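Chemist: First residue of the first sequence: 3, per the working numbering; consecutive thereafter.
Don't take every hint at face value.
As the list claims (entries may be wrong) - Straight-line C-alpha distance at most 27 Å; calculated DSSO-like pairs for lysine-lysine:
#1 Lys68 with Lys10
#2 Lys371 with Lys211
#3 Lys199 with Lys68
#4 Lys413 with Lys371
#5 Lys199 with Lys211
Said to hold, decoys possible - If you anchor each label on the Cβ, the simulated ranges turn out as follows:
#6 Ile348 with Lys211: 55 to 61 Å
#7 Glu238 with Ala172: 14 to 20 Å
#8 Thr247 with Ser405: 18 to 24 Å
#9 Arg216 with Leu422: 57 to 63 Å
#10 Pro299 with Arg352: 47 to 53 Å
#11 Gly328 with Glu238: 46 to 52 Å
#12 Asp231 with Gly328: 53 to 59 Å
#13 Gly43 with Asp402: 56 to 62 Å
#14 Gly43 with Pro299: 18 to 24 Å
#15 Glu386 with Asp17: 38 to 44 Å
#16 Glu386 with Gln412: 16 to 22 Å
#17 Asp231 with Ser274: 33 to 39 Å
Since the hints were made in silico from the structure, they are not lab data. Bear in mind that the values here come from a model prediction, so they are computed numbers and not experimental data. We put the CB at the ideal spot given by N, CA and C, even for glycine.
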Amino acid sequence: MSSSPPFKAPVGTRDVLPPESRRWEAMLTTFATIVEAAGYGLVQSPLFEDIEVFRRIGEGTDVVGKEMYDFVDRGQRHVALRPEGTAPVARAFVQHRPATPWKAWYATPCFRYERPQAGRYRQHHQVGVEAIGSPDPDLDVEVITVGRDHLAALGLRRVTLLLNSMGTRADRTRYTEALRGWLEDRRGHLAEEDRDKIATHPMRVLDSKRPATRAATGDAPRITDHLSDEAGAHFERVQAGLASTGTDVVLEPRLVRGLDYYTHTTFELVSSALETAQSTLVGGGRYDGLIESLGGPPTPGIGFGSGIERVLLACDAEEALPAPEGAVQVFVVDVAGGEAARDLSIELRRAGIGAERAFDARSMRAQMKAADRSGARVALIIGEQEEVDGTVAVRSLLGDERSQVAVPRQKVVAHLGELLA
RNA sequence: GUGGCCGUAGCUCAGUUGGUCAGAGCGCCGCGUUGUGGUCGCGGAUGUCGGGGGUUCGAAUCCCCUCGGUCACCCCA
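When you get a sec, could you build the whole thing from the sequences and use the hints?
Modeler: Structure representation (structure tokens):
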């Protein structure tokens, strides 16, 4: 007899089982309700795309540069599992050209080959929205507010909105050059590991956590001081909208975000309840050049992604979003052969009443224990006596209640309909 | 990719300087109540002590390798 080690879920992935999975259902329902009410429609797109679709979001970024799960399929196509949610939606927009503004939402797994740690997985899950086709800053306000309200609806209170503007692409280019020069002059003061970024991603030097870099860049030029009139006006309007709708904002000029496609507004919703290094619950911004880079007409867009695992971690920390109760309302206990359990449980479900039962002809004691654990409020008991009488004993399972009444078999479903109403 | 810590039943863990060390609680199953749950009592099942190699008379306990988990860096949701 030989046995290989038991299989486990791959590194960085996990199974979500009940009752935890009921929290996922609750969070997805909450999100769907909120975004649908704002006019966003669900988009289901493939889990994998031509790898070029993702490369357009920035080859210099780690997400597409070195963390992608990519492979060549049997038809020699180079494809990749989606590392994030925006590019596939943008590609779908370019392909189908829906009327604008096009407002879409999604819920999807995302794949990134990185070392897992708290709040970071190789397969994680995101919900998000994309609003494509309008440059209106009020749309930025809408998107940010939807994200904020989603977290609030889940019961999260310790959330901070960080806001920044990257300006237009021209602003960004101009600022990047200026910053690069400024950083070059102080190269020696930066942390060793951050020096290479001066040439490649100067703005990310400002995002560094290293103390030396932090200290040396305290008075670095800020992009928000270098915005064009156009970008400045846009940013002002966004802030005014957020203020008007009672959304507290923390301006964070160092907020860069890792994906290269962002322009104008960028934002994060960060949990202060999480002790972990990964506390960003929602991250997003404008990407006014992305559609064009995917072969579409110049089209502005804005959106965000929100990590489900992280949001749930924050819910744990704030003791929010407890697992909802199961849907089983009634448990059929049958010690008279099992036909009643078989037929009645199905009859009940067809009448809209959640019903569960035991299998394997177990003892009444065992069936009652199972009934108690099932979360059902009522046990329907069919023993030999009930079989003879054509009745069902209806017994409450709530707390100390031990009330039990005999109801004619033919009237049980109607009786329960009233009882559970 | 780099580094720290950890790896004993389904879960949470105890196992003193290597010598009945394979255990506890919870959970699960059964019985007390041959027709009735949640409390209580009694009993029971489940472990390649992550895996491989080494040291030793003897290793869950020491060494090496490896896999996995976890946290941090990095990056990001």
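Chemist: Which of the numbered hints are not met once you compare them with the structure shown?
Modeler: Failing hints, ascending: 2, 8, 13.
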